[in-house]
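Numbering follows UniProt numbering, with no gaps: position 80 of the sequence shown is 80.
By construction, these hints were calculated from the structure, which means they are not laboratory data.
The beta-carbon is built from N, C-alpha and C at its ideal position, and this holds for glycine as well.
Possibly wrong hints are sitting among the right ones.
[To be verified] The following label-pair restraints were derived from C-beta to C-beta distances:
no.: 1; residue 1: S88; residue 2: G189; range: 27 to 33 Å
no.: 2; residue 1: E158; residue 2: I187; range: 31 to 37 Å
no.: 3; residue 1: S261; residue 2: T206; range: 31 to 37 Å
no.: 4; residue 1: E188; residue 2: E144; range: 35 to 41 Å
[Said to hold, decoys possible] Lysine to any residue pairs mimicking SDA-like chemistry, simulated, CA-CA at most 20 Å apart:
no.: 5; residue 1: K141; residue 2: T104
no.: 6; residue 1: K56; residue 2: E156
no.: 7; residue 1: K56; residue 2: L150
no.: 8; residue 1: K220; residue 2: P242
no.: 9; residue 1: K141; residue 2: K220
no.: 10; residue 1: K53; residue 2: N84
no.: 11; residue 1: K56; residue 2: T104
no.: 12; residue 1: K235; residue 2: C194
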Amino acid sequence: MGSSQHKRAQLASPHDNQKSKKRKAANIDDEYDSPDFQETKPKRARKNNGEEKRLKRHRVRPPRTYIERLHRVRTQRMFLLDRNRSTSEDETHEEEVFDIAGTTGNVYNVTISKVPDCSCPDSSKGNQCKHIIYVLVNVLKAREDLAYQLAFLTTELEEIFSNAPVTPQSDGATATVTETGGHRKPIEGDCPICVMEFEESEKSDTIIWCKAACGNNVHKRCFDRWAQSKPGEVKCVYCRTPWKGDEKDLKGISKRGKVNSEGYVNVAGQLGLSGHRDTSTYHEPWARREFGGGYY
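Produce the entire structure from the sequences given, and follow the hints as far as they go.
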């Protein structure tokens, strides 16, 4: 009797070990336990009560892939060119589309909806790309535990949009601008173009302001590059008043990007970008496997 029980245990153990290994592998790939992030409990949908179901699995904590891309968002400069809020095709929720110039100058369309999406190659592979994270973290200032989710409930989208700060590219933003008669406003908050916070260590000559009307501040480098990507007369990014500045700085500007070999409108030349990807923060074996040598 004892011998037969021992044989059954031996037969069962390889299968159990295999299950255990699969569970461990899934945990390693999908979740990354970082002390900087708090675990969140999923809002589970109850059956037969009409409660909304999340379209992708809830993430309890940020995965390693999110941590890596978040680091790129914080160390690589991208540009918010435009944004437009609208109602979804099924008229059930609001969504917003953002035009983002990536680090290579390619212009990508990021859609924040129930399932965020981006037109970049990384997102097309099913990944939460750095452009989506850039919009959620820097532009919309989404709550930390929402920023690494792959899908949102309608209530979460409403929260994100209602708490998001207004940028000059927002619909109706010009109506909120107060003219100061050319007096400079305090240097605080975010640059409206790169959506990065002004730092105390920055020299005054690296930050310019609207002398014609609203008095708002902007990084000089960001404004110069942003102005070159816009057609027509150079205007304040906030109040749309014709920019008051040195004429020599406004001459010889190329007004539109060109479609490159990848099929994307590219404004690298206008934004002063090299057009080459900074791969210093990429994990080489993973990147080669994912992109075949290309990085986004």
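Query raised in the report: So which of the earlier hints does this model not fit?
Result: Violated hints: 4, 5, 9, 10 and 11; rest satisfied.
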